Amino acid sequence: MKVPSRLVLGLALLFAPVSSYAISIPLPTTEATLNLDLQLQPQFVLNEAGTPDGRDPSYDLFLRRARIALGGNVGQNFSYFFQLDSPNFGKFSNFTGRLLVQDAWFGWAPTGISGGTVVYVEAGQLYIPFSRHILVATTNFITADLQTDGLRIPNNPFPAFRSVGAQVRGWALDKKIGFRGGVFEGYGPIDQAAGTCASDGAGCITPKRNPLFSGLVTSRPG
Amino acid sequence: MNLFFNKNLNHVNIEFGINHGFSAYGPSSITAPAAGYVPASLDPLTPGGPRRPFANSLTNSNFKSLVVQWTMYL
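Note that the protein sequences, when read in sequence, are chains A and B.
At position 122 of the first sequence (counting the first as 1) the number is 221 in my numbering, and the numbers step up by one without a gap.
At position 34 of the second sequence (counting the first as 1) the number is 129 in my numbering, and the numbers step up by one without a gap.
What the hints contain is simulated information worked out from the structure, not anything from laboratory work.
On a predicted model such as this, the values are computed, not experimentally measured, just so you know.
Each hint should be verified, as a subset may be incorrect.
[Stated by the list, open to error] On the chain A side, residues computed to face chain B include the following (Cβ under 8 Å):
hint: 1; residue: L137
hint: 2; residue: P141
hint: 3; residue: V144
hint: 4; residue: N146
hint: 5; residue: E147
hint: 6; residue: D152
hint: 7; residue: G153
hint: 8; residue: R163
hint: 9; residue: N239
[As the list claims (entries may be wrong)] Beyond 12 Å from chain A on every Cβ pair, some chain B residues (computed):
hint: 10; residue: T141
hint: 11; residue: P142
hint: 12; residue: G143
hint: 13; residue: T154
[To be verified] Under the rule of at most 30 Å between Cα atoms (straight-line distance), these lysine-lysine pairs were calculated in the DSBU-like manner:
hint: 14; chain 1: A; residue 1: K190; chain 2: B; residue 2: K102
hint: 15; chain 1: A; residue 1: K190; chain 2: B; residue 2: K159
hint: 16; chain 1: B; residue 1: K102; chain 2: A; residue 2: K274
hint: 17; chain 1: B; residue 1: K102; chain 2: A; residue 2: K275
hint: 18; chain 1: B; residue 1: K159; chain 2: B; residue 2: K102
A virtual CB, placed ideally from N, CA and C, is assigned to each residue, including glycine.
So here's chain A without its partners, still in its complex pose:
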């Protein structure tokens, strides 16, 4: 079967490679960088027996992620990142506004931001580092999306597994060892259903309002 040349041309233009990882915005100084990133992930989901009466497949087309991010470095010791996201926009025909501050942090690397061993001290809205899987960039998943079926986080109030806190992050031994860990805001009574956290602490996930501690170490052989 011969494929029409216009169709081939159209598909080629549709899937034309983007030119770079980020749009670099010129600044009046060479001491700082500013990069703009855009990410769109339209997603189509078909579920067997997913209609209200359960007799037919359900269809859903929505924007799994619609992100805009700004990030860069200042000198050789500071980095920053700010990202807005509108996750699941249009899912289940729900188009209400949901713009989230997904990431907002700055980091200080006293010995420099590049090299085989780097230590960052970061603060802001950060990933809670409890699993390497969630730290992977959303464009890099082997599967279409996060595999969250194995996670059991009560109410999961954390926006895309982030929380406000401070952490130490970096790598060592020529990047063979990676590490990150810190202290985060964690659960609050407002994250539970109304009335489930009593004034005497009964039923509260964090009756003492203790912060959340989390960390991990990764290794790269070879």
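Go by the hints and put chain B onto chain A.
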């Protein structure tokens, strides 16, 4: 199946799943708070009885799902 047009910057995932209970995008993900309904995906317990709302149980029969996701990163 993952079709890469420009590495991970422009690619399409086509994923087929079979789920019994809890799942990120199967019938389990269609909940009243999110979708406004819970699908009556489960067959009646007795012939002629009412269909039952989906529950996150591995004893359910399997439910097939298809996900197609196009990632564009610039």
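Hint check results:
For L137 (chain A), the shortest C-beta to C-beta distance to chain B is roughly 5 Å, which falls under 8 Å, so the interface hint holds. A distance limit of 8 Å between C-beta atoms decides the matter here; for P141 (chain A) the minimum to chain B is near 5 Å, and the interface restraint holds. Interface hint status for V144 (chain A): upheld, as the beta-carbon distance to the closest one in chain B is roughly 5 Å, under 8 Å. The restraint placing N146 (chain A) at the interface with chain B holds, with a minimum CB-CB distance near 5 Å, inside the 8 Å limit.
Because the closest C-beta pair between E147 (chain A) and chain B is about 4 Å apart, less than 8 Å, the hint holds. Annotation: interface hint on D152 (chain A) holds; nearest CB of chain B at approximately 6 Å, less than 8 Å. Restraint check, G153 (chain A) versus chain B: the minimum CB separation of about 3 Å is within 8 Å; hint holds. The beta carbon of R163 (chain A) comes within 6 Å of a beta carbon in chain B, closer than 8 Å, and the hint placing it at the interface holds.
For the restraint placing N239 (chain A) at the interface with chain B, the shortest Cβ-Cβ distance is roughly 5 Å, inside the 8 Å limit, so the hint holds. For T141 (chain B), the condition that its CB be more than 12 Å from all CB atoms of chain A holds, with the nearest at approximately 16 Å. Listed as outside the interface, P142 (chain B) is consistent with that label: its C-beta sits roughly 16 Å from the nearest C-beta of chain A, beyond the 12 Å cut-off. Remark: the non-interface label on G143 (chain B) is consistent with the geometry, its nearest Cβ contact in chain A lying 15 Å away (cut-off 12 Å).
T154 (chain B), annotated as away from the interface, keeps every beta carbon of chain A farther than 12 Å; the closest lies near 16 Å. The suggested pairing of K190 (chain A) with K102 (chain B) holds, with an alpha-carbon distance near 27 Å, which does not exceed 30 Å. As the CA atoms of K190 (chain A) and K159 (chain B) are separated by approximately 19 Å, the hinted pair is consistent with the 30 Å bound. For a cut-off of 30 Å, the pair hint linking K102 (chain B) to K274 (chain A) stands: about 23 Å separates their Cα positions.
Under the criterion of a C-alpha separation no larger than 30 Å, the hint pairing K102 (chain B) with K275 (chain A) is consistent with the structure, at around 24 Å. Of the pairs offered as hints, the one joining K159 (chain B) and K102 (chain B) holds, with about 29 Å between alpha carbons and a cut-off of 30 Å not exceeded.
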